[in-house]
Each structure stands twice: as structure tokens, then as C-alpha cells.
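Given these sequences and hints, build the entire structure.
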Amino acid sequence: MLEFLIPNNMICHATEAMLFASIGCAVLAVLITQMKISSIGFTTAHGAFAGATIGMFLGVDTTIAAIISSFFLACILGPLSEKSRMSIDTTLGVLFGSMMAIAIFFYAWMQQLGIGSGAASLLFGSVISLYREEIYGLLAIMVIVILFVAVFYKEISTMIFNRKIAEIAGIQTKPMIYAMLFMIALMVALTLPIVGGLLLYVWLVTPATIACQFCGTLKQMMIVSPVIAAIISLCGTFISFTYNLPIAPFSAMLFTVVFAASVLIPSKRQITNTNERVEMKV
Amino acid sequence: MNDPIIQLDDVTTIHEGSTHPTIQNISLKINRGEFVIVGGPNGAGKTTLLETIAGRLPIISGTVLVCGFDVVHHGPQIRKKLGYVIQNFDFDPYTPFTVEEVLLMGRYGLLGFCKRPGSDDFTAVEQSLTQMGIISLRKSHIGRLSGGQQQKVLIAHNLAKKPDVLLLDEPFSNLDLTTREHVCDVLCRIADAGVTIVMVSHAFDALPARGVRAVVMKSGKIVLNKVIPPEQVQDTVRHISNDTNA
Ligand SMILES: Nc1ncnc2c1ncn2[C@@H]1O[C@H](COP(=O)(O)OP(=O)(O)O)[C@@H](O)[C@H]1O
Ligand SMILES: [Mg+2]
Numbered sequence: 001m002l003e004f005l006i007p008n009n010m011i012c013h014a015t016e017a018m019l020f021a022s023i024g025c026a027v028l029a030v031l032i033t034q035m036k037i038s039s040i041g042f043t044t045a046h047g048a049f050a051g052a053t054i055g056m057f058l059g060v061d062t063t064i065a066a067i068i069s070s071f072f073l074a075c076i077l078g079p080l081s082e083k084s085r086m087s088i089d090t091t092l093g094v095l096f097g098s099m100m101a102i103a104i105f106f107y108a109w110m111q112q113l114g115i116g117s118g119a120a121s122l123l124f125g126s127v128i129s130l131y132r133e134e135i136y137g138l139l140a141i142m143v144i145v146i147l148f149v150a151v152f153y154k155e156i157s158t159m160i161f162n163r164k165i166a167e168i169a170g171i172q173t174k175p176m177i178y179a180m181l182f183m184i185a186l187m188v189a190l191t192l193p194i195v196g197g198l199l200l201y202v203w204l205v206t207p208a209t210i211a212c213q214f215c216g217t218l219k220q221m222m223i224v225s226p227v228i229a230a231i232i233s234l235c236g237t238f239i240s241f242t243y244n245l246p247i248a249p250f251s252a253m254l255f256t257v258v259f260a261a262s263v264l265i266p267s268k269r270q271i272t273n274t275n276e277r278v279e280m281k282v
Numbered sequence: 001m002n003d004p005i006i007q008l009d010d011v012t013t014i015h016e017g018s019t020h021p022t023i024q025n026i027s028l029k030i031n032r033g034e035f036v037i038v039g040g041p042n043g044a045g046k047t048t049l050l051e052t053i054a055g056r057l058p059i060i061s062g063t064v065l066v067c068g069f070d071v072v073h074h075g076p077q078i079r080k081k082l083g084y085v086i087q088n089f090d091f092d093p094y095t096p097f098t099v100e101e102v103l104l105m106g107r108y109g110l111l112g113f114c115k116r117p118g119s120d121d122f123t124a125v126e127q128s129l130t131q132m133g134i135i136s137l138r139k140s141h142i143g144r145l146s147g148g149q150q151q152k153v154l155i156a157h158n159l160a161k162k163p164d165v166l167l168l169d170e171p172f173s174n175l176d177l178t179t180r181e182h183v184c185d186v187l188c189r190i191a192d193a194g195v196t197i198v199m200v201s202h203a204f205d206a207l208p209a210r211g212v213r214a215v216v217m218k219s220g221k222i223v224l225n226k227v228i229p230p231e232q233v234q235d236t237v238r239h240i241s242n243d244t245n246a
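Read top to bottom, the protein sequences are chains A and B.
Going left to right, the first sequence walks through residues 1 to 282 as my numbering numbers them.
Going left to right, the second sequence walks through residues 1 to 246 as my numbering numbers them.
Some clues are possibly wrong.
To be verified - Looking from chain A toward chain B, a few residues come up when the C-beta cut is under 8 Å (computed): (1) Val151; (2) Phe161; (3) Lys164; (4) Ala169.
Stated by the list, open to error - Pairwise CB distance ranges, derived in the manner of DEER restraints: (5) A:Thr173 to B:Asp92: 14 to 20 Å; (6) B:Leu111 to A:Phe214: 26 to 32 Å; (7) A:Val143 to B:His74: 48 to 54 Å.
These aren't lab readings, by the way, just hints derived from the structure by calculation.
Note that the Cβ used here is the ideal one computed from N, Cα and C, for glycine as well.
Here is the structure:
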């Protein structure tokens, strides 16, 4: 799609994939962090990872296996996420651990058996060996995520404000939660081959936490988060190609550096905060 | 004026995961435009009564009708006509919403799928802000207001919906006396305009200057249900509250 800009085919595909994945993930990141369901996102991400390793072991398409396993997890997590009690956090901790165990078990076993030569790419990601279909898939899920947020902005914002108040206001919160879980599942499964199971979570949380430092309203976050993620991922990709560095891990480190900088630089949020405090005392 | 807008017939509800019913065999009729004050000691089941009317709890026996609809089968219809100021809210200081946005959320349930708020909605928001005296806070972030200001915003959020029935759970808990009197005044005017108000309250220093129905609960049962004319409200309600809190 971006061939007219980037003549090198491999760099072009890598750039497209990183761009679509980071924008889609960054929009979901705002939902995940603001709804305070990061442990659910975390568990789904590792569920996809586990599914992909099983898929590779069985010799089936890893992306399809990842989609199936993360959908399966979304089905389990749906009922759990409806109740927002503390005990759920523990349940998610256990689920997360199990997913990791499954993934590592199959990974280690494949190493022993000498099969699954591409297993390392599941751990750390690889933008080099992408199929066209995977890039179109990423574009599609990115568009779906953006449309979902645009169409259901009323419902989403009220649920972020307070789940109970949203229900009383007459918003159907259950279908919204399930839709969100399934989108996270799909996004995670399609992003997995690019950035890998271990780093996926950086894309699903960090952009929103950076945006949070500068933005006072949800609308601003929904715009700033994907823009920041796209810029960081593109920079990461180009620098990595130029200096021959591993793309996803380097981009993940860039995210962390920007996050650290955003915390250290006195932000708008902190300034308005102190201003309002002063006003209120007067 | 005498058709009941809220009607509970022999209702028993239970909290999820609980072994025994929280409120038992309760019957209660509330007419359109009534101002109901629900009192009783902690744990008496006052919040549970409101949750039951709002259709938020499983009903194990009996029927609950609100605005002529059964709460079990017609939740969505009822939610359009019902405001409910909840008791415990705890907003993150960084909740990314302004007071105005929160009020607009009160209108969202009335709007259809994909519809954006229109001039009606903005007018309703404006009116509620003025009514509650918080128009100067409209651009402030809700998370950074004081507890009392947040309480007013939540009441305004429900008023913006222009409900037929307004439930309030201890709305005075964060308010100082002057504000309590102001809010009580606003609620009276709303009730006079035909909105039915059911308010759980402990603070009896601010009382409506109109006739009320006093309902007193104890251990999941209604122990008193009495219409009190305006001139007796001050004395009677204080008397009842002294009795039940003792
Ligand atoms: N979520 C819950 N699960 C189980 N029991 C509950 C729950 N909420 C309240 N209860 C029980 O219901 C009773 C009534 O509670 P509530 O209606 O909140 O009382 P009030 O509002 O009058 O102080 C209490 O004894 C409490 O133990
Ligand atoms: Mg209570």
C-alpha cells in the first residue's frame, strides 16, 4: 500500500504492519487503561501467544490458532469482567500464569524435538516474514477498532466514567464489554506475529499511558495515543532497518523511553491539576 | 394524581451470593409526584429497596412495577424514565471527563444507536447545571471536585435525564447544611412539577417544605409507612428518626 513511498518491498511491508498494528493497539490501549481492564488485556495477549505456540507445534497456521485461543479466552473472561470484584484479579493472575506455562512448554518441547524453527519469532516477533493477507488483516482490524470507538463513543465514555452509572443511564454494558474483548482478542492475535508474545503488551498499554500525561479528555486521548504510537513505531522501524537492529524490541524500548520522558517533563495534566487545587482553596 | 407510579407487591429480593433474603415480603405503593423519605438504621435494606425499584437485583418473589412496567421484563423502558443517584461513587482524580460531559451522559441512554446529542440535550444539560447551581463548574474535571460538588454533579446528571422517578441514596452525605437545604429545595420543586422522588436519608436537618411520605425500614421490612402533611413534617420526621436511630 505504501510502495509509492518506500520502494524496498520488505521495509514497506514492515512499515505498513507496524503502522496498522500500533494504531489499532493504541486505540484499544485507551479503552484498556481507562476501563481498568489491563489484567484482562494482559491475559488475552498471553492466551494468543499460547495458542500460537500450540498451533506451530501441531503444524497449523499460527495466526488462526492465536485467534481461536484468544477468542476462547475472551469467552471465559467476559463473565469474569462483568463482576468487578478484587478476587478477579487473582483469577486472572492464575489464568495468565497458565497461558504462559502452556506457551513456554510447547516452545521448549519444540526446541527439544528440533521442530518449529520459527518459534523464536513468536516470542520476539518478526516483521520480515509477513504475508500480504496478514497486513490486510491488520488494516481491517485497525479500521474496525476505530469505527467501533467512533460509533459507540457515547456508550464507551459513559462506561469509562462509571459502569454502574452507565447501566442506570440505560446503556447496554454487556454487549459492549464482549465486543471490546473480542476486538482485543483479534487485535492481539494479528499483532502477535509482528511484535511477539513477550512484547505485545507494550503496544496495548504504553501509548495510552503516555497520552494520559498530556490529555485531559477522553477524545484527546483517543487521538493522541494512536498518533504517538504510530510515530514511535515508525521511528523504531526506520532506525532498526538503518542500523540493523531487531525491530520490535527496539521499538518497545523507544516506547519506554518516551514514557519515561513524558513522566519527567512537567505535563499539562500536572499543571492544570495544581491550578485547580489552588482555585478550589481560594 | 392517584395512580401508583411505583408498586411493590409482596417483594422478596436476595443479593447474589447471599444465603438469606435482604428485603422480605415488602409491599409499597407510591403515587405520582410524591416525595418519599426512606429512613432506618444502617443495614436495614434501604439501598436494597432502591436497587430493587431500579431493577438491579434478582427478585425471588413478588412483582415490582415502575411507571406501569414490570422491572424484570421491561428494564430498558424503565431505565429511560428513572434517575438513580447512587450512594457510593469513587472517581479517580484523573477521570477524563468534565462536569458538562458527565451531565450529557445522563442523556445518552435516551438517544438511539449512533445518534449524537442535539440541541434538546444541550438545553437539558444547561438547565440542570443552573438548577443545581454548578454552572461555573461546567468545564471542571469531575475527579478534581470536592465530594459535595461531585454529589451535586451526579444529581444534575440524573436531572438532565428529566426522569419521571428519581431515586436518591443518601444524597446529603457529602453536603454541608446550606447545600443540603438548597438541594432539598430543588428536589421539592421537581416533585411539585410531578416527578416522584424516593430519597434515602439520615440527615433530617434539611427537610422538604411540603407533604412527604415517610417510610421506615428495619431488618429488611417496612415498619412504618405514613403520609405526613407539610405542617407536621418537621416534628414527625425528627421524631421518627430519633426513634429508629436509637
Ligand atoms: N452486595 C451484597 N451482597 C450481599 N449482601 C448484601 C449486599 N449489599 C448489602 N447486603 C446486605 O443487605 C443488608 C441491607 O443492606 P443495605 O440495603 O445496603 O442497607 P442500608 O442501605 O439500609 O444501610 C445488609 O445487611 C447487608 O449485609
Ligand atoms: Mg445504604
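Results for each hint:
1. Val151: This hint holds: A:Val151 lies near chain B, its Cβ roughly 6 Å from the closest one there, short of 8 Å.
2. Phe161: holds (6 Å)
3. Lys164: Cβ of A:Lys164 sits 6 Å from chain B, so the hint holds.
4. Ala169: holds (4 Å)
5. A:Thr173 to B:Asp92: 14 to 20 Å: With a Cβ separation near 18 Å, A:Thr173 and B:Asp92 satisfy 14 to 20 Å, so the hint holds.
6. B:Leu111 to A:Phe214: 26 to 32 Å: Distance hint for B:Leu111, A:Phe214 holds at roughly 30 Å.
7. A:Val143 to B:His74: 48 to 54 Å: violated (37 Å)
In this structure, only the earlier hint numbered 7 is contradicted, and the remaining ones agree with it.
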